[in-house]
Amino acid sequence: MFKEIIFKEDAINKPEKGRLPTSIAVLCGVTILALCTLLVGALISTQRHSEGLQQVVSSMLNKSGVENPVTAVLLNFRSYDTLLEIAVLLIVAIVMLPQATVSKSLSLIRVQQSADPGLIMSSLLRFLAPTLIIMGGYMLWTGAYSPGGAFQAGALIAGAGILIFTNVQYQVNMQSFAFRALLSIGLCIFILSGFAVALQTGQFLEYPQKYASAIILFIETAATVSIATTLLLLYLAVAGTQEEFNHDA
Amino acid sequence: MSFSFFLDIFLIGGSLTMAWLCLFSHDLLKAITCFVCMGLFVTLMWIRLDAWDVAIAEAAIGAGLTGALLLSSRRGLKKTAAKKESGEKRSGEKKSGEQDV
Amino acid sequence: MDNIAALLPALIMLPLAVSVCCVLIKNSRVCAAISIISAAALLILSAGTLLAINTYEAGVLRYAFAGWSQPLGIELQVSGFTALMTALTCLLVFVLSIYSSVYFSSSDKAIRFWPLWWLLIAGLNALFLSSDIFNIYVAFELIGLAAVALIAIENSRAALIAALRYLLVSLLGSLCYLLAVALLYREYGTLDLVQLASMTSDSASSTAALMLITIGLCLKTALFPLHFWLPAAHGGASAPVSAVLSALVVKGSFYLIARFWLDILAPAASDAGLIILGVFGAAAILWGSAQALFASRLKVMVAYSTVAQIGYLFLLFPLMVGNTQTNAFEGAAMGAITYLIVAHATAKSAMFLAAGNIMRIAGHDNIKQLKGLVRHCPLSIFTFGIAGASLIGLPPSAGFIAKWLLLSNSINTGQWWWVIVILSGGLLAAAYVFKFLNLAFTKDDDTFTKADIVRKISPIMPLCALALALLTVVLGFNAQWLLDISGTLVYETTGQGFTVQNLAGVAQ
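Heads up: the protein sequence lines correspond to chains P, A and W, in order. Sequential numbering from 1 applies to the first sequence in this note's numbering. Sequential numbering from 1001 applies to the second sequence in this note's numbering. Sequential numbering from 2001 applies to the third sequence in this note's numbering.
Isolated chain P (complex conformation) (with noise of 0.2 Å):
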């Protein structure tokens, strides 16, 4: 049975191919229905636990430095998990990066005047970029007070930088030791700021209350920069678009 659903290859270029035999399907389609009902009977027949971790959350969140208990989670009482996501996402930007042919350093973006956008690609990139970029920025400050934070700020600005980038006016240097700076800044600036409030505090991680919420922006701003570019490097090296520039370089 797994060999028929795993082995199946290249389905895209015979997709009458690529469908599973109907024995298959439903014997697919019960396994999943059996395991439906098994974790329905198991959640109705045991009491869900009184409170969790909210109201530990809740009465630790004035010494969090900031006030969304999501964020608080995500980067103080649970940090170290985020801090292995960031490294997660390094990993993905890693093996997306092209493969440098030659290595030259060039800048990291190129402007070529004269390729022409159009009318509606250079009007839509005038009016919505500059507005998902700031909508990034305030989504990342409002993660301390309200939901957002770095990851919702991250995609808006990637999404800023697909449509920058689709645009033929505009190349990005993928092979430039920038473009791998802006990859790798956020888990780089999370480990040192890390070890740097561990010299202060004895923890690994644990910032000094008075300056929680300005160390949590810091690393937030750090994991924004880094969450955008990994997603818009995803964009791009599977889209192709860039393709020329970086085989050039």
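Just so you know, these hints were derived from the structure itself, not from any lab. Careful, some of the hints might be misleading.
Just the calculated beta-carbon pair ranges, DEER-fashion [claimed, not checked]:
hint, chain 1, residue 1, chain 2, residue 2, range
1, A, Asp1050, W, Asp2202, 25 to 35 Å
2, A, Leu1016, W, Thr2055, 53 to 63 Å
3, W, Lys2368, A, Ser1025, 41 to 51 Å
4, P, Tyr138, A, Leu1021, 32 to 42 Å
5, P, Tyr138, A, Leu1023, 30 to 40 Å
6, W, Ala2040, P, Pro208, 30 to 40 Å
7, A, Arg1048, W, Ala2040, 50 to 60 Å
8, W, Ala2040, A, Leu1016, 51 to 61 Å
9, P, Gly137, A, Thr1080, 31 to 41 Å
10, P, Lys63, W, Ile2411, 55 to 65 Å
11, A, Lys1083, P, Val57, 52 to 62 Å
12, P, Tyr138, W, Ala2006, 38 to 48 Å
Coverage of chain A stretches by chain P, computed from C-beta distances (three or more under 8 Å per stretch; other residues unrestricted) [unchecked claim]:
hint, stretch
13, 1008-1017
14, 1070-1082
Note that beta-carbon positions come from the ideal geometry of N, C-alpha and C, so glycine has one too.
Following the hints, complete the assembly by docking chains A and W onto the known chain P.
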């Protein structure tokens, strides 16, 4: 009360239908569209659960960026498929060989 | 004691920092130099932790990240067993880093290899040290993605397909595990392993969680019949990557299965479940060994041998049935498994490195075309032989001690049928190891000649492999020392009251 109940039923039904359509549609473009729609339904579900942070992330990354990535991968796949078809006759023989397996 | 505990985060943060450096520097020579130095530092650090744990009466060290102790924050926890696993990781990483610096010296893959390599190591250390079930999920993500990426840097069609399949399997496994984490948090309101262990009951939700964890982690551990992805993935990766995947990555998820069944969710575990796990393990031994015997490629053969060796690990579970009272016995079964993990890790990585050397020299690893190879790479064949002896379980090797302990355990518990499986697994292992050695020593018309050599390799590569193989022999002579360390695990997995009380003391 009853309105929110029907809203929940609508969201659950909608997301499941979209997931079904996404998995079982023959057309890749249709599948991607359904995937993005499912992302939208899931976003609304997160909002109903009062998880605004997750809802924003789901809308931006789950539906938006992933949708864009899927669309551009589809374009890439089309390009390579076109290249293969124009260049190789051998692929036809290969296909028939693989069908036996 | 506090000094060592304060250094625990370094075991995870140093690899991450090295990986960032490697991304930024992008010069393979500098990266290799940094990597070897950091690997040496890590080795010293982990050895220090291991020695400290050994002399420490509580047997457990804890470290609270960000100053928030459980249940709010995330804590690291080191016991004798996990300290041994991190020390093993760091030791293998040190040797494999030296090997890789030569292996990738003339290839542009190095630029991608080094950062991913260090991210994988960070994930492994994070997994072994973590005391938080959600944090373990994040560590799994780190390990899974880095492992997939390391297979994919081979860039061949076969490697990419294997990597994609591995990615899907690993994601499915992670999602099952995550679902179980959600169930456990809903029921008990905590994510900390030690707190959970003191609270769990045999409710329906805990049983469902245990089932999901078992399915998810067995997928990642590649227990028969969920091993279908392993041969292609481990056989298709480059030599140092295959070595680390077989030696450590599958052990990480096995460690967690054992932890959940025997410690954290022990009240929800049933005897029938333990025996079923053992039956799958026995099937894996026979099936994996038989497939290894019929494999036509050397690396695929070694990969199938991993499937078989994973089977031996799962024999731990039936040996634990009905003996929850006698601590001494449990120490014995656990000691055998610990020994097996260490023995297999060193022997299998030596074997993969030897296979990698042979592949470099011959340009392929088609077993039939490797006749008479011994004259061209005697050292690699010798390494293969020693590592093979450990896998078979011939004395004097760590593999022998491990199997001997397993055998005596199964006889002591009256479960003699496992003896048949263990012995026939050993015979099959002997068959596939000698099948290759026999060919390598054959003189025939179509033997491998000097003209067939694709390229020569630096003497460092076979020496690294030999060092690991000799390590298995050395471990065979120092059985008591290792067993002492694994004895610490007895407290961790059985005496729930003991652990919790002591941990409370340490936390204050």
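Hints and how they fare:
1. A:Asp1050 <-> W:Asp2202: 25 to 35 Å: The hint (25 to 35 Å, Cβ to Cβ) holds, given that aspartate 1050 of chain A and aspartate 2202 of chain W are roughly 33 Å apart.
2. A:Leu1016 <-> W:Thr2055: 53 to 63 Å: At roughly 58 Å between Cβ atoms, threonine 2055 of chain W and leucine 1016 of chain A fall inside 53 to 63 Å, so the hint holds.
3. W:Lys2368 <-> A:Ser1025: 41 to 51 Å: holds, 47 Å
4. P:Tyr138 <-> A:Leu1021: 32 to 42 Å: Since the Cβ atoms of tyrosine 138 of chain P and leucine 1021 of chain A sit about 35 Å apart, the hinted range of 32 to 42 Å holds.
5. P:Tyr138 <-> A:Leu1023: 30 to 40 Å: For leucine 1023 of chain A against tyrosine 138 of chain P, whose Cβ atoms are near 37 Å apart, the range 30 to 40 Å holds.
6. W:Ala2040 <-> P:Pro208: 30 to 40 Å: Since alanine 2040 of chain W and proline 208 of chain P have Cβ atoms about 34 Å apart, the given range 30 to 40 Å holds.
7. A:Arg1048 <-> W:Ala2040: 50 to 60 Å: About 54 Å separates the Cβ atoms of arginine 1048 of chain A and alanine 2040 of chain W, which means 50 to 60 Å holds.
8. W:Ala2040 <-> A:Leu1016: 51 to 61 Å: For alanine 2040 of chain W and leucine 1016 of chain A the Cβ distance comes to about 54 Å; the hint holds.
9. P:Gly137 <-> A:Thr1080: 31 to 41 Å: holds, 39 Å
10. P:Lys63 <-> W:Ile2411: 55 to 65 Å: 58 Å Cβ-Cβ, so the 55 to 65 Å window holds.
11. A:Lys1083 <-> P:Val57: 52 to 62 Å: holds, 54 Å
12. P:Tyr138 <-> W:Ala2006: 38 to 48 Å: The hinted range 38 to 48 Å holds for tyrosine 138 of chain P and alanine 2006 of chain W, with Cβ atoms some 39 Å apart.
13. 1008-1017: violated (count 0)
14. 1070-1082: holds (count 6)
In summary, the one numbered hint that this structure violates is 13.
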